[in-house]
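Student: Residues per chain, in single letters:
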Amino acid sequence: MADISALGQTVTYREAVAEGIARELRRDPAVVCLGEDIGKAGGVFKTTQGLFEEFGPGRIWDTPISEQAILGLAMGAAMTGMRPIAEIMFSDFFAVCWDYLANEMPKIRYMTGGQITVPVVVRTANGGGLGFGAQHSQAVENWTLAIPGLKIVAPSNPADVVGLMASAVRSEDPVVFFEHKGLFASKGPAAPADHVVPLGQAAIARAGTDLTIVALAVTVPMALAAADRLAADGVSAEVIDLRCLVPLDMATVLESVGRTSRLLIVEENPYQGGWGGTVASIVADEGFELLDAPVRRIAADCVPLPFADALEQQVIPTVEKVAAAIRRLMAY
Amino acid sequence: MADISALGQTVTYREAVAEGIARELRRDPAVVCLGEDIGKAGGVFKTTQGLFEEFGPGRIWDTPISEQAILGLAMGAAMTGMRPIAEIMFSDFFAVCWDYLANEMPKIRYMTGGQITVPVVVRTANGGGLGFGAQHSQAVENWTLAIPGLKIVAPSNPADVVGLMASAVRSEDPVVFFEHKGLFASKGPAAPADHVVPLGQAAIARAGTDLTIVALAVTVPMALAAADRLAADGVSAEVIDLRCLVPLDMATVLESVGRTSRLLIVEENPYQGGWGGTVASIVADEGFELLDAPVRRIAADCVPLPFADALEQQVIPTVEKVAAAIRRLMAY
Amino acid sequence: MTAVAATDDIGASELLALYEQMAVIRRTEKAAHDLFLAGLVKGTTHLAAGHEAVAVGASAALRPDDYVFATYRGHHHAIARGATPEECLAELMSKATGICKAKGGSMHLTKASAGMLGSYAIVGAHLPLAAGAAWSAKLRGSGQVAVAFFGDGATNIGAFHEALNIAAVWSLPVLFICENNLYMEYTPIGSVTPVPNPAADRAPAYAIPAEVIDGNDVVVVAAATARAVQRARSGQGPTVIEARTYRHFGHSRTDPATYRPAEEVQEWMERDPLDIARARLATLGVPVEDAVRADDRAAQVVAEAVAAARAAPAPDPADAFTDVWADGGSQWRT
Amino acid sequence: MTAVAATDDIGASELLALYEQMAVIRRTEKAAHDLFLAGLVKGTTHLAAGHEAVAVGASAALRPDDYVFATYRGHHHAIARGATPEECLAELMSKATGICKAKGGSMHLTKASAGMLGSYAIVGAHLPLAAGAAWSAKLRGSGQVAVAFFGDGATNIGAFHEALNIAAVWSLPVLFICENNLYMEYTPIGSVTPVPNPAADRAPAYAIPAEVIDGNDVVVVAAATARAVQRARSGQGPTVIEARTYRHFGHSRTDPATYRPAEEVQEWMERDPLDIARARLATLGVPVEDAVRADDRAAQVVAEAVAAARAAPAPDPADAFTDVWADGGSQWRT
Ligand SMILES: Cc1ncc(C[n+]2csc(CCOP(=O)(O)OP(=O)(O)O)c2C)c(N)n1
Ligand SMILES: Cc1ncc(C[n+]2csc(CCOP(=O)(O)OP(=O)(O)O)c2C)c(N)n1
Ligand SMILES: [Mg+2]
Ligand SMILES: [Mg+2]
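Protein chains in written order, with the numbering used here: chain A, 14 to 345; chain B, 14 to 345; chain C, 37 to 370; chain D, 37 to 370.
Okay, chain A solo, but in the shape it has when bound:
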């Protein structure tokens, strides 16, 4: 693997995924990767490019199209001394191995009274906006939020990818790691050496005083763009990058809302059952007295994702929709 950790260098999110994995593979011989086409082919999104060449077939395992086996193998190996990183190619395919994410990995420690530890990372390409249609475009981070016992990571930029991957792999608990398809080509500063971002710490991606925007993964750059656009109108928006859904850093959100008194949540999953509902309900309870305006959510509309760009843009969050929501909220 090329060394992309040199300071000041700019890398893609895609490269950061491979880099983040490579660093952990180098650090700990118990780390091992498995998934479909992740080896010689370097992954369908090229997010495992170079790993097979550097680490060989003993560390990087190509599997059949057997998602239950992939996650079952990963869990069984994690229970017995390894630290597997399993790839599920598209997050939509969680649906064919959901039992491992919903009933096995998150519950075994609890139901054995703490006897079993499952240090596994499940990586997946999440989200829409690329015209892949209803079965290859979903943002399903909210599926995993419904399951107590999973840690949930969804980075928005290359340095966070590396830093959060380090924490995910070192976590003794199962972690779902959402890599956003719409961000793979995006660029940002490379992570410094030994970069570790702890799980459960939101970042203030943009400081502001007039309203708080809570965002995750692809909606972070979207919120930042909208905030920049509104700055021209004199609106000072604070953008919080949650980075994780579990642990969920509500302290940072509530502190921000305490300063701004307005909250807009921007999430890519559908409105019905979306993670923003959980955040909104906490604020509507614990932050009720902080609010000067309704809590608003921009989420995907409650329809399957259409193929055509022109239709998909109608359904998923966009900079325009966020900007319009900011305007409406500031006008309240």
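The hints are simulated quantities; they were obtained by calculation from the structure and are not laboratory data. Each residue gets a CB set at the ideal place from its N, CA and C atoms; glycine is no exception. Don't take every hint at face value.
[Unchecked claim] Subject to a maximum C-alpha distance of 25 Å in a straight line, what follows is the list of computed SDA-like cross-link-like pairs (lysine to any residue): (1) A/Lys59 - C/Thr120; (2) B/Lys53 - D/Thr358; (3) A/Lys200 - A/Ala220; (4) C/Lys66 - C/Thr120; (5) A/Lys334 - A/Ala238; (6) C/Lys66 - A/Asp322; (7) B/Lys53 - D/Ala293; (8) B/Lys200 - B/Ala264; (9) B/Lys334 - D/Phe357; (10) D/Lys66 - D/Ser288; (11) A/Lys53 - C/Val231; (12) C/Lys78 - C/Ser49; (13) D/Lys78 - B/Thr23; (14) A/Lys200 - A/Pro211; (15) B/Lys200 - B/Glu185; (16) B/Lys59 - D/His69; (17) A/Lys59 - C/Ala298; (18) A/Lys53 - C/Thr120; (19) B/Lys59 - B/Gly71; (20) C/Lys78 - C/Asp355; (21) D/Lys78 - A/Lys200; (22) B/Lys334 - D/Thr358; (23) B/Lys200 - B/Gln62; (24) D/Lys66 - D/Phe357; (25) B/Lys59 - D/Ala293; (26) A/Lys59 - C/Leu218; (27) D/Lys78 - D/Ala132; (28) A/Lys334 - A/Ser274; (29) B/Lys200 - D/Thr290; (30) B/Lys53 - D/Pro232; (31) D/Lys78 - B/Ala323; (32) B/Lys200 - B/Thr23; (33) B/Lys59 - B/Asp207.
[Claimed, not checked] Selected chain B positions facing chain C (Cβ under 7 Å, derived; list incomplete): (34) Gln81; (35) Thr125; (36) Gln128; (37) Ile129; (38) Thr130; (39) Asp186; (40) Pro211.
Could you slot chains B, C and D with the ligands onto chain A? The hints should help.
Tutor: Same frame as chain A, but now just chains B, C and D with the ligands:
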């Protein structure tokens, strides 16, 4: 099947399930049932008792332990002229056939531009409180709420079971029908003949003026009991039985909150990602000006469900917890 | 170049019609490829050039009211069942006239009115659906059969196992036709499967009869399908057919398929299903000009389809909010 | 009454020890049954009385550091691997001293310190886990093997297929041991499976060797397991063992199992694994008093276990909020 439709008779929720299915089987020859042990054995919860005897093996099909096949068969048959009622024995097992609920049934109409119709009902025993442990006790109605394209029904009493079953089977859209394990033995008035409860209409289970409690399935009797208890203290609580999560009758909820200005949501699924978050966020947005107090949610704690009664009661909603929450909310 | 047996009972004019269908598919796939490169097709495509004989041969043995379920690599099945190249290409080009109103895209071509009940993009998911359609046919006593086409890679996923088992136990009129093109995306099926024929070698686990056939010979495919259809319609239950074939393009989009050895590619290119059909036509005494004319007609159909699809309007943005429910809308709350 | 071959190479004292283990299991199950009827065990139980020889025979062929994965019907596997009747019964009785701190219950008995890595209540889910543990052993070069015990009904679920396939392809040191007790819950396996031996007849689909054995003869089970372990440890990959057995109680709780024909029940009761072991002991020249004494010891162990479990304290309610995360707690937000 015994005729339990005589007016004034009292029946169990369990009997109502079998009765609701039987009425539809009698009415429409396209209705057919499939699932594990639903035939001669009458179902592990005895909710299909008598069906095999009345309708025979051509209408009531025992399957292997193949949940993907069960839902796949049901969907394929629904696409081609039948109206299958599929049973998934415990709702936890949705995890082994989630693809059909998440990616296939709810999306095929949309992604074919309306060419295909899937009139299928997926019945399942949902919920906890019986000491069945982490993998047989979950309330997973929120899993389905995350999926646009599914209708979601969860009756709280025998008459509604029959009336909503009629609507579910007659629906041209896929319906997930949650039968609550904790309610099977509960009793209520039998449904009158030809009883049909439309999908998406909440019921005011108890009228009140001081606060609105939104409940579903097992939390309805829980909320009613808590409300009765608080009545002694002079609190007049209104209890709304949502009956369905999709279509979601927010009009009834918002109207009620408009009168009471206080909202408590009681849901059995875990707080994180629970359906109450969606309801709370709509009220915190569209009903912001109606509220005189924080929106509160009583939900399961964010842990897997423990086996021991004494532990499980710590985790799931109880009458005591609801009563305490009412008190706190009225004291705000 | 290609040796064919002259013993199969298919007439010259019928074979010529099948050849023309294959030519239409080949040219449609080429057009899709070019339009993708030109940026006019977005998202992804999985082209079936090379697989034409499977779709056309199998469809030739089916009744119009039979059911077909395909994968994301399903253009050939849609066209073989009667979808026009124009409505398919319009779909790929995100046009309002697309076969799924531009809501499905390349991976979900569907022509329900012709019994082509969808293209599914979750590997293996449609095998139980085909079993379900077959169960429905059995319940209704309609005499219909259902066919699931799927890739070699699908044989290792759970849904495959559950579908074959239930189809056998309930003796359902369903055909499981595997298009074994030797590769999943970029990984050879042989490296992740412990038996040489991933579909056929599994069939005995369900007491289902199976055949491994030359999937590049449309006559062989039609004959094997006809035998399986005959079994299904006469109540003898499911059949597994493993049709060996090869894709001419990469897995999807612009994949150059460099993971395939040059000699292997060469060998299979020499077994082009269109060439094999032409050789068969010659054996049956059909003048070469007839095949050329069929080709020309195919070329013209596809050229016109491209032009019409290009000219077609974009979908109405409001269409994003229709077709969730049977009432036509998408309202989920009051 | 039961005829046994005297040719198996197991010594008298070893067999007596196995017999005593089986007796302990039998009495534990009987105790669990009675405690359930007395209302002291809540929720559900799936008793393994009748299946003792599978657990005890297989465990006899394993190393202490090997891995075992069981189903919700797993009391016998927990005990065979070293869990005490007391900690198991305390678990069933919702006591703080339960093997899983009363958080798991009957369906999830686990003794990780003895390599008994859990009892799983989603049918089939643990087969891939066992493959994963075997993969881990292979990666670490530890020489360990993993065993998944599962029911006949589990052979029709997708995870079975995926687990066997990957185990074969990666040549993993894993044993798939099916306890074929002829029934799923209340439905005979033969009515939903198209092959007579639901596990063994599927093994060729993965090129995995398989045996169908008498699961009620502990010596037969031990010998078959030893052969499979030997293959696994020497790098020859997985084995399927289908052990035919029968449950003495119903499927769960108070199921009277009236769906089973009386003659069938009778026939199997006459093939009680404890009787078979006693007959074998006699053949080996072990005095009948030795078996009686082993039985008495078992009775005493279980009686003491019941008393201790009854006397044990209830769990601390605060325990509901521990053990979600490796840090011991359950905090999911700030
Ligand atoms: C459940 C699932 N896993 C993985 C994928 C990603 N994927 C799409 S096509 C493909 C390869 C399929 O290979 P095969 O079944 O041989 O069909 P082919 O593409 O060769 O026609 C994979 C892995 C998917 N769509 N669904
Ligand atoms: C995926 C799944 N489907 C259904 C069930 C319900 N269930 C529990 S045990 C059982 C029967 C299992 O039969 P078998 O595998 O033969 O094991 P046995 O109980 O006979 O030991 C069923 C259907 C389940 N637990 N998990
Ligand atoms: Mg292939
Ligand atoms: Mg069994």
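Student: Kindly indicate which numbered hints from before are broken by the structure, ordering the numbers from low to high.
Tutor: 1, 2, 8, 12, 13, 15, 18, 21, 24 and 40
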